[in-house]
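Colleague: With the hints as extra help, turn the sequences into a complete structure.
Chains as they are written, first to last, in the numbering used here: chain Z, 1 to 1207; chain B, 1208 to 1520.
Source of the hints: derived by calculation from the structure; they are not laboratory data. Quick caveat: nothing in here was measured; it's all calculated off a predicted structure. Cβ atoms here follow ideal geometry from the backbone N, Cα and C, with glycine treated the same way. Keep in mind that the hints are not guaranteed to be accurate.
What the hints assert, rightly or not - Per the computed footprint, the stretches of chain B lying under chain Z, defined by three or more beta-carbons under 8 Å from a beta-carbon of chain Z, are:
{"hint": "1", "stretch": "1220-1233"}
{"hint": "2", "stretch": "1359-1372"}
{"hint": "3", "stretch": "1398-1406"}
{"hint": "4", "stretch": "1426-1439"}
{"hint": "5", "stretch": "1461-1471"}
{"hint": "6", "stretch": "1499-1507"}
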Amino acid sequence: MSVMLTKFESKSNRVKGLAFHPTQPLLAASLHNGSVQLWNYRMGVLVDRFEEHEGPVRAVAIHPSRPLLATGGDDYKIKVWDLRPQSRRCLFTLHGHLDYVRTVQFHHEMPWIISCSDDQTIRIWNSTSRNSIAVLTGHSHYVMSALFHPKEDLVVSASMDQTVRVWDISGLRKSTPNTAPGTFDTFDAFSTVKYVLEGHDRGVNYAVFHPTLPLIISAADDRQIKLWRMSETKAWEVDAFRGHFNNVSSAVFHPKHELVVSCGEDKTVRVWDLAKRSAVQTFRRENDRFWVLAAHPELNLFAAGHDNGLIVFKLERERPAFALHGDTVYYVRDKYVRSYDINTGADVGLLSVRRFGSPYVPPRTLSFNPAERAVLLTISSDNGIYELTNLPKDTVGEVKDSSVDGKRGVGQSAIFVARNRFAVLNKTTQLIEVCDLTGSVVKSIKPPVQTNEIFYGGTASLILSSTSSVVLYDIQQQKTIAELNSPPVKYVMWSQDNSQVALLSKHTITIASKGFAQNTLIHETIRIKSGAWDDAGVFVYSTLNHVKYCLPQGDHGVICTLDNPVYLTRVKGKTVHCLDRSARPRTITIDPTEYRFKLALTRNNYDEVLYLIRTSNLLGQSIIAYLQQKGFPEIALHFVEDKNTRFDLAIECGNLDVALETAKAIDRPECWARLAQQALKQGNHKIVEKAYQQTKNFDRLSFLYLATGSTDKLLKMQKIAEARGDPMSRFHNALYAGDVPGRIAVLREVGLYPLAYLTAKTNGLEDLATEILEDAGLTEADVDDVPDFGRASLKPPPVVTATTNFVWPAIPGGESFFDRALANGNLEAGAEPHLNGERAAAAASSALDDWAKDEEEQDLAADEDGWDLDAGGDAHAEEESVEGEAQEEQEELGAGATPGPSETEIWTRNSPFAGDHVAAGSFDSAMQLLNRQLGIVNFAALKPLFLSVYRSSHTYLSPIASLPPLELHLRRNPAESSLSRVLPVAVVTLRQARSELAEGFRFVSGNKLSDAQTTFRSVLQSLLFVVASSNDEAKEWRDTVTTAREYLLGVSIELERRRVAQEQPDSVQRSLELAAYFTHCKLQPPHMQIALRSAIQVFTKANNTATAAKFARRLLDLNPDPKIVAQARQRIAAGDRNPRDAVEIAYDEFTEFEICAASYTPIYKGSPAVRCPYTDAAFLPEFKGSLEPLTRLTEIGAVATGLPAPR
Amino acid sequence: MESSDLYNVKQQFFLGAFKSLMDRGLPDPSSEDYTPILVYKARAHIAHGDAQTVSSLIPSDTENFALKAVSALASYVAGTGSTESALEELRDLCVEIEGDDVEATEREKGWVRAVAGTAFARAGEVEEALETLGAETATENLEAVAIIIQIYLSIHRPDLARKEFERSKQWAEDDLLLQLIEASIGLVTGKDGYSDSHSFYTEQLANPSLSSPHLLTARGVTRLLRGEIAEAKSDLEEAVSQQGGHEDAETLAASVVAAGLGPKKDGVEELWSRLASTYPNHPLVESVNAKAEQFDEFAAKYEIPPLAIPTAA
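Modeller: This is the structure we're talking about:
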């Protein structure tokens, strides 16, 4: 036993009595000055004081199960107190003792209190009747202690008469004696002295039973502690513990181990081995004599009172040595190495380490080597030793002891640093030795700082903990990689992926990245006990009384409270695995929502954030405050019900709609004022107007109307001002409105004739001026000294843009991911995003991608708004409101009855495809999309398609009689109910387009070329509205477009050839060329055969036998009918006979070429060409900017972005 | 507890079996059920587009608030006389029933509010309708709630609709109307793939005590929403045949949509032109026409370059 761990110390008057609370971290201490203190030794605070005794209080006890405290003092009184925090007071006082009361104790089950006194008696009191029920007499001197047996009906007492007595009180239980006062003598019959233990040479100060064994320990002024054993019939002295060199005040059994703890006036606390009766440890104090000792009934915790206060101490470290590998915890309990599988809960003993170091001391650390399945333990006894042992492969039969084949050595700290290496720190020599598994030293390191402990520091690295810093040290290069200032680091935890490390000190946690590059420091006022990493990268740690979390950037908070400290081993989802103070595996279920939420926020993993918002009950001021503080007021907005907070948040994130709504609900001038300010910033003058109206801020309202050029409203303001009888306001409005007669009228009315006159005069209103003069009782002559000011040029500025009708220029509505996702309060559960480990990063990046996409869409939406100048209804409503007394505003809507976003709006938001926008009825944006993506400019032909797509996407139903029917919207993903993902029905599908294409093929085969042309054109039109949902579909779409284009081109060429043949029979050359080009369109084999045969025919007719033969050869390659084969061979033969061409044509079959779809001339490879942005058809450069002749939809050569990626 | 007759009448009314309700006789005027049944019968007439008949059903000198309200609605819907005066009358009635000494039962007051709310909603006076119906208050008038919810749905606030619905679930038990409400909410929100709505209409179709083509149409629409086009078509065809070949606007409109989504789009234009000519005021017709105009306007914004014609061919 090398340590006595002081947990708590207090300074006070001499402490004479001590009592632990059985369940709470409370300690009662009675003082020599008459006070009784109640300490919370965990928090280190004085909870309460009981001061009713006069003179020293020596006796104190806490009831084992009820909130009662008993004290006994030198005022002969025993007081019983209520311990409950809300009613701490003295319940009653027991009178009877005739001298100092030395000890009191509650019985564990009966309502009895035992006390002893210098009046040489022991009394037992019934705390219910509050009477003395027994007086045990027999001692011939002060009785220094009297205690119940923990189970049996026995009492042990110690006295200055040098004896220890055991009393049998079973009679007391059998029949409750007459408790009437004055029947003093009858008590004796119920309690008899069983044994008188003689042996001490001086007075005995204390005697106590062993909790389970038939043993008594006594402490006396003869400096000895004696151990007594008793049987049914007798009791005898077993042995004495000698060592104290002054009076021994008290001695107690260790509640768990075979130890005795004593204290005395020689200023020591001593620990003894119960079996060997030898001293194990001595703890000395300089000046303070010890007077009292108390053992916690459950825990490894003792308290000792001395001259100047008290100490609370542990005799051994409780923290079990453990190491985590995967989901298995290797730990030491009761000097056995055990493994605990946190998934299955299997808990097996693997190795005994009983003979490792002192038997009383548990190993301090354990390091596990999975490759070798070996453990490396250290223990602090014997000045620090380590032991390396292999764990058995299987655990059948008895577990072996590590002493059999373990390798030991000296060292205070030892850890595995590699599969076959471990490092040992010798603190005294300050040498770190790296050893192989046989224990031979392969490398010695002199650490750069005074090192107290070493930890694993990542591959080939060590973390060295010194008193003021922590060093990351490279073993191979023997140099310091990084150094952080920190209080002594006691524990080190690496995250699952070894990317982060937590360095735990007594009151601080440093979270550092792998190379100590970045780090954050967290301070705790309470002692930090342990910590473990969550799979998501959150560090969860325990203090004495809390489980807390800490995010990598330093945010931390409480997860739950703890009754007793625990040692966290692993955090998995909602479960925290830990070892309790007796090293038993436990689990604690926690709610990780808060930290997962915060983590997701800091990592910008908005999917996760959204998921958490939807699925969990995240509420409360703290979360709202957090969101606000972290700059996410718009998210906070979704949590808040309270309208004032909502308003604040809405203003902060500039969400004017919500702000307006809440301002209406609150309806207080300051809210309106703030709303006005914010709306003004955003340029939303309609809301500004509303706010001013609400607060009747006429001046500003007028100025606003001036600024927005709303002359009609200015006139109304003028009227209102008139009604209000406010000439200044009237004047203003008149001035703003440029209403000169109005101005004059005001001036006249208020009697400012000179101004009125001049105004009239300078504005050329001579008649009026004269009138004013008359009113003023003057004539022209009276004012001839007034200089001529000339014509006034004062006029309100002309309205250039009717700003009054637009909300413009507005700051683009910051509609975020969340607004959209949370639109409509639609918080139905979404799919759970992955969170764990590395996957989180991927999730975050994909969330970012989505984000980016959203941005794009927003742009679109914003554009739309730009076009969609909705100036109708709203402005109208407001005019009315101005008309009526200005304060009579529009009727308030029922609190939330503002219309929400319609499904069609959502569709347009959710999709970047023209087809979807058409279905949503947003033709405008659909056209923009088509124009931008595919360069469509000529929409006229698409009108029927637009309308039929729109028509087929909406239906109506009246569930309630006589009401207007509900508009319902057909979705293509009916199983999807999350508004952020709904999309309109696919009216035109790829399949339909392809079947239409097949129809075109039939027309080609049937030689109905103009029908075919129409059909292919219509296919290409339909394809514009197809929304591809996958990459395959997108490819198929492109293929279909290309096929349709080739056929359309081919058919058009052939039609042109026929036209040429008919209208310009002389132009044989052109006709031949076109026939040849036709064969170069990419047609399917059957159609290619038609093209070739037609070419052969035409060429043969023109006597171009050589080329005809070439076509025939190509025809043969297509394996046509035997009949056609025969014809083809004929042509080839003819060509061979006569290998020349009568007509020269522009046709070079050997060079690759495309056909200009406008001029039907070849564009040889390498020559410049411009293209149709939709079908990719090629054109000669001269056609750039013209309407594409095949589809007649696009502008040739226009820049287009192509279709967005399918989704 | 209401009589089974009245229950039956209400059921027919709510489930849109207007035709059978219109054909139904009235009980003896002294009967307790006389007024309620008359109210529903008259409302069935209105709903069926036969508002003129109401004047012959309800004596013009009636003192009953509910009947007065119904006839006001009838004249509003029929468009006889000034629509504004009909609305004014309803407003007056709403105010009157708030009085303390008014001789009307709670039930009658409820009808007045429901009828007035209907009229206001038709007139587009959403706030007024909601206020009249007692939205956001603890009204226990299920008819009013039904209308409130439909109004909410029509202004795209399914969240509020659901809130109102959840509230009424607490007191309205499993009323038929409540189920209907739930079905309507389902239709708009698409919750669980429209399963609530679909099962509700399927269930009611199997209801032996009434048959209503409206239910078939409704299920057809639901199936359309579920993407079951072929099934929807068969429901709609059945509805047409139940209506004796003269389909109502709703069925016809749904048929247009169904045909437009079929693999072969034949017959669409024929159905469409029939809908457009027979029911020019149907919202689908109106909105498509409006969109057609918009199309021209928007399309005109794009400059069409000259067709690429080879110059020297």
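Colleague: If you look at each residue in the stretch 1499-1507 of chain B, do at least three have a Cβ nearer than 8 Å to any Cβ of chain Z?
Modeller: Coverage by chain Z holds for the stretch 1499-1507 of chain B (6 residues, Cβ < 8 Å).
Colleague: Check whether three or more residues of the stretch 1220-1233 of chain B sit with their beta carbon closer than 8 Å to a beta carbon of chain Z.
Modeller: Contact hint for the stretch 1220-1233 of chain B vs chain Z: holds, 4 residues under 8 Å.
Colleague: Are 3 or more residues of the stretch 1461-1471 of chain B near chain Z, judged by a Cβ distance of less than 8 Å?
Modeller: holds (count 6)
Colleague: Three residues or more, CB to CB closer than 8 Å: is that satisfied between the stretch 1426-1439 of chain B and chain Z?
Modeller: Coverage by chain Z holds for the stretch 1426-1439 of chain B (5 residues, Cβ < 8 Å).
Colleague: According to a criterion of three or more residues whose C-beta lies within less than 8 Å of a C-beta of chain Z, is the stretch 1359-1372 of chain B covered?
Modeller: holds (count 9)
Colleague: Do at least three Cβ atoms from the stretch 1398-1406 of chain B come closer than 8 Å to Cβ atoms of chain Z?
Modeller: Contact hint for the stretch 1398-1406 of chain B vs chain Z: holds, 4 residues under 8 Å.
Hint compliance for this structure: every hint is met.
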